[in-house]
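K.L.:
Based on the provided sequences and hints, a complete structural model is requested.
Chains as they are written, first to last, in my numbering: chain A, 471 to 855; chain B, 471 to 855.
Keep in mind that a hint or two might mislead.
Where chains are identical, the list cannot tell them apart; a pair therefore holds if satisfied intra-copy or between any two copies.
[To be verified] Derived DSSO-like pairs (lysine-lysine); straight-line CA-CA distance at most 27 Å: (1) K514 to K816; (2) K539 to K766; (3) K681 to K727; (4) K539 to K690; (5) K585 to K748; (6) K723 to K690; (7) K766 to K514; (8) K655 to K733; (9) K748 to K655; (10) K748 to K690; (11) K816 to K573; (12) K573 to K655; (13) K566 to K539.
Don't read these hints as lab results, they were simulated from the structure.
What follows is the residue order along each chain.
Number of protein chains: 2
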Amino acid sequence: MKKLNKVILSITGLALLMAGCGNLQNSQLNSSDNSNNSSSKATKVQTTGQTNNDYYQGIIRNGQYQVSKARGVNVDNETNQFDVKSFSSGLLNLSKTEFPTNKYIFQEGQYIDSKTARQWLGRQSSNNPDGLNPPDNGQMDPNKRNPIYLQQILEQDFVTDNNNKVNLAGMSIGLGLNSVDTYTKQQYGATYETKISQAQDEQQGKQMATKVLSRLRKMKGVANNTPIMIALYRQSTPDSLVGGTFFAYAISKSGNKLDTWHKIDQQNEVLPVVNNAKPINADVANSFDTFRNAVKQFFPNLSGVTAQVHYENGNLAGMNITITTQFYSETEITSFAQFVASEAAKDLPNKVPIQINIQSVQGMQAFVARDAGSNGFYTHVFGSY
Amino acid sequence: MKKLNKVILSITGLALLMAGCGNLQNSQLNSSDNSNNSSSKATKVQTTGQTNNDYYQGIIRNGQYQVSKARGVNVDNETNQFDVKSFSSGLLNLSKTEFPTNKYIFQEGQYIDSKTARQWLGRQSSNNPDGLNPPDNGQMDPNKRNPIYLQQILEQDFVTDNNNKVNLAGMSIGLGLNSVDTYTKQQYGATYETKISQAQDEQQGKQMATKVLSRLRKMKGVANNTPIMIALYRQSTPDSLVGGTFFAYAISKSGNKLDTWHKIDQQNEVLPVVNNAKPINADVANSFDTFRNAVKQFFPNLSGVTAQVHYENGNLAGMNITITTQFYSETEITSFAQFVASEAAKDLPNKVPIQINIQSVQGMQAFVARDAGSNGFYTHVFGSY
Chain A
471 MKKLNKVILS
481 ITGLALLMAG
491 CGNLQNSQLN
501 SSDNSNNSSS
511 KATKVQTTGQ
521 TNNDYYQGII
531 RNGQYQVSKA
541 RGVNVDNETN
551 QFDVKSFSSG
561 LLNLSKTEFP
571 TNKYIFQEGQ
581 YIDSKTARQW
591 LGRQSSNNPD
601 GLNPPDNGQM
611 DPNKRNPIYL
621 QQILEQDFVT
631 DNNNKVNLAG
641 MSIGLGLNSV
651 DTYTKQQYGA
661 TYETKISQAQ
671 DEQQGKQMAT
681 KVLSRLRKMK
691 GVANNTPIMI
701 ALYRQSTPDS
711 LVGGTFFAYA
721 ISKSGNKLDT
731 WHKIDQQNEV
741 LPVVNNAKPI
751 NADVANSFDT
761 FRNAVKQFFP
771 NLSGVTAQVH
781 YENGNLAGMN
791 ITITTQFYSE
801 TEITSFAQFV
811 ASEAAKDLPN
821 KVPIQINIQS
831 VQGMQAFVAR
841 DAGSNGFYTH
851 VFGSY
Chain B
471 MKKLNKVILS
481 ITGLALLMAG
491 CGNLQNSQLN
501 SSDNSNNSSS
511 KATKVQTTGQ
521 TNNDYYQGII
531 RNGQYQVSKA
541 RGVNVDNETN
551 QFDVKSFSSG
561 LLNLSKTEFP
571 TNKYIFQEGQ
581 YIDSKTARQW
591 LGRQSSNNPD
601 GLNPPDNGQM
611 DPNKRNPIYL
621 QQILEQDFVT
631 DNNNKVNLAG
641 MSIGLGLNSV
651 DTYTKQQYGA
661 TYETKISQAQ
671 DEQQGKQMAT
681 KVLSRLRKMK
691 GVANNTPIMI
701 ALYRQSTPDS
711 LVGGTFFAYA
721 ISKSGNKLDT
731 WHKIDQQNEV
741 LPVVNNAKPI
751 NADVANSFDT
761 FRNAVKQFFP
771 NLSGVTAQVH
781 YENGNLAGMN
791 ITITTQFYSE
801 TEITSFAQFV
811 ASEAAKDLPN
821 KVPIQINIQS
831 VQGMQAFVAR
841 DAGSNGFYTH
851 VFGSY
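P.N.:
Here's what the structure looks like:
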């Protein structure tokens, strides 16, 4: 059973409403200077509630979610959409080690605003001295030009109710670095690619991290001893059907000093592999093939079955499977979902989280999932009255 | 925890594989004449597994789902898609009383084939003597013409493993009757509507039911004493955002005799109501409004929140809520899903099944549900690696 926690907090010092229970229960949070809240009026601060210990609660002010000050900057650009999702959720997962979900409340980044983010993501130039990408060297050749290394930047804040104030207690910064930089030689012209090596991304990312850290430390509300994690992410290729992965992180406990860089061993792949490529793990690939073959043939019309597979430290860490088919009735959907759950339990690897989306051209029709820490599969058929 | 049942059966009398456990465990099913299986080769019959006692297991033959002999007939026509879904799942729900999920296996209709279904759905004429809709009387006036009453027909079979054979042990037939018949006076011309009263649908549907029953009794494989349920469904209007409802059913225990017609009291509505309409139940509508107002304002951009609400015998029986909004990160989705789960537990009526789909233009992003018989809400955020 899932716990439903709900904490409603008020700067008047009076908890207005208390429903459910949770780790952050009985807290009364006051807006402090550190919260970057410019309103001088009494602000009612509450949290989203927590449906799962794996999730952070988020900050709500006056009934509205406190969105990022750089909201939409990463979505507006031409980044592969899988990278946008995996970058954001991957940074949050890394943060859980430093800032556990039962001690910290999540806050969307409040210090790097849209203007700053756009400047940092730009090339360095006389007009944009803070650009973290190298200056345009005028070259057009894929191997001679300076590529755009930094494609995305993301700030995530972690706050506590220390001394009844919303205090910034930690921050994570993700730097999303291109593996391929796509460019045109003239507007609307043909597209060219500059390939960027892992070593280049690592060198560039680490240099950028020191600059970002010193800039953050100067910002109002960021204390000299606020722990800041900076993590480097290597984006997937533009046509990839799975996002990139994080490969290194470092912590600054105080000042402008970044502690040792730690290697992060993550790999993503899409199954089935194409062009006779070798899968990362043959056992995982074989078990997926068994599942896929059983599911594919279920209806007279073929079903498409693909998976995003995620590895950490060489071990399978999760699978997201998408099944696309055409259904002709609700009963077909229910029968299919049960068959998929049954085959998944029989064929797919044990113990890792598995998410299976069953969809048609009309959208998602059913879904089957085994969450982290759960043994059985949950099945839901999306009904309609 | 969900149970996963899996029964694999063979006509050779040898159970090839047995994984999991369930009500239908250890059964060995033989293909019998009654199963309408024309193949003389050994057919491997298995079932889909059962993830929830509320669902039927379905029949799989040689690894492939046994689809309806009239597959796609109801989907091809111009029926409101909400009617297609609600007709199919509604008939299955009614069937559960007569043919409990723990005693019967579900089989898609195998007796009324596509050709027969199309003939029965047509108008009666010299070319189509079996048409269940009235002859064309040549009139074009909405109130003088003979409308199309019967819009959909659906057969659902319930089989057992009695004496180690797949035996037809029950059948449900749904007749989907129009509340509005849309027509044109000339091809590609303007659309006109003939309104059909509840009383007309009832009278027509009951007449059709007796014809359908006697035709079914003559079909090969349908025994004289196979229980047959016939249920009458009144379709919604073409622009409705929720499907229609069943209003009557009768059972034939044997022969051409239909026992007493039973009234079915079901109502559907969409919330919020529009044009100052009066909601079916003011308390339900108010609790939904509380929920909707909290959720709508969560982001700076408004979220759309609507619900399909289902009543049985005057009591709330379930809600399907759809929330549409624009997200700018995975963390926004997670925070929103937790807030929605928290508000749902606080604001929405207790004890009834509730399904909340959280979607953006990119499709479903998260979902929150309280299943029948469950106390807490299940929350899932659709992740991507």
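K.L.:
Look at each hint and say if it fits the structure.
P.N.:
Each hint, compared with the structure:
Taking CA atoms no more than 27 Å apart as the test, K514 paired with K816 passes between copies only; the shortest distance there is 18 Å, against 50 Å inside one copy. For the homomeric pair K539 and K766, the shortest alpha-carbon distance between copies (21 Å) is at most 27 Å, but the shortest distance inside one copy (45 Å) is not. Taking the closest pair of Cα atoms, K681 and K727 come within 27 Å of each other only inside a single copy of the chain (11 Å); across copies the shortest separation is 86 Å, beyond that limit. In the homo-oligomer, the alpha carbons of K539 and K690 lie at most 27 Å apart inside one protomer (14 Å), although the nearest pairing across protomers, at 70 Å, exceeds that limit.
In this assembly of identical chains, K585 and K748 lie within 27 Å of each other by CA distance neither inside one copy nor across copies; the values are 44 Å within and 49 Å between. For the homomeric pair K723 and K690, the shortest alpha-carbon distance inside one copy (17 Å) is at most 27 Å, but the shortest distance between copies (80 Å) is not. Taking the shortest alpha-carbon separations for K766 and K514, only the inter-copy value of 18 Å comes in at or below 27 Å, while the best intra-copy value is 52 Å. Proximity of K655 to K733 under the C-alpha cut-off of 27 Å is found in neither arrangement, the shortest distances being 36 Å within a copy and 73 Å between copies.
Neither within a single protomer nor between protomers do K748 and K655 lie at most 27 Å apart by alpha-carbon distance, with minima of 35 Å and 62 Å respectively. Taking identical chains as interchangeable, the C-alpha atoms of K748 and K690 are never at most 27 Å apart, the minima being 50 Å within one chain and 53 Å between chains. Within a single copy, K816 and K573 get their C-alpha atoms only as close as 38 Å, which misses the 27 Å cut-off; across copies the closest is 24 Å, which meets it. Taking CA atoms no more than 27 Å apart as the test, K573 paired with K655 passes in neither setting, with 50 Å inside one copy and 69 Å between copies.
Taking the shortest alpha-carbon separations for K566 and K539, only the intra-copy value of 22 Å comes in at or below 27 Å, while the best inter-copy value is 53 Å.
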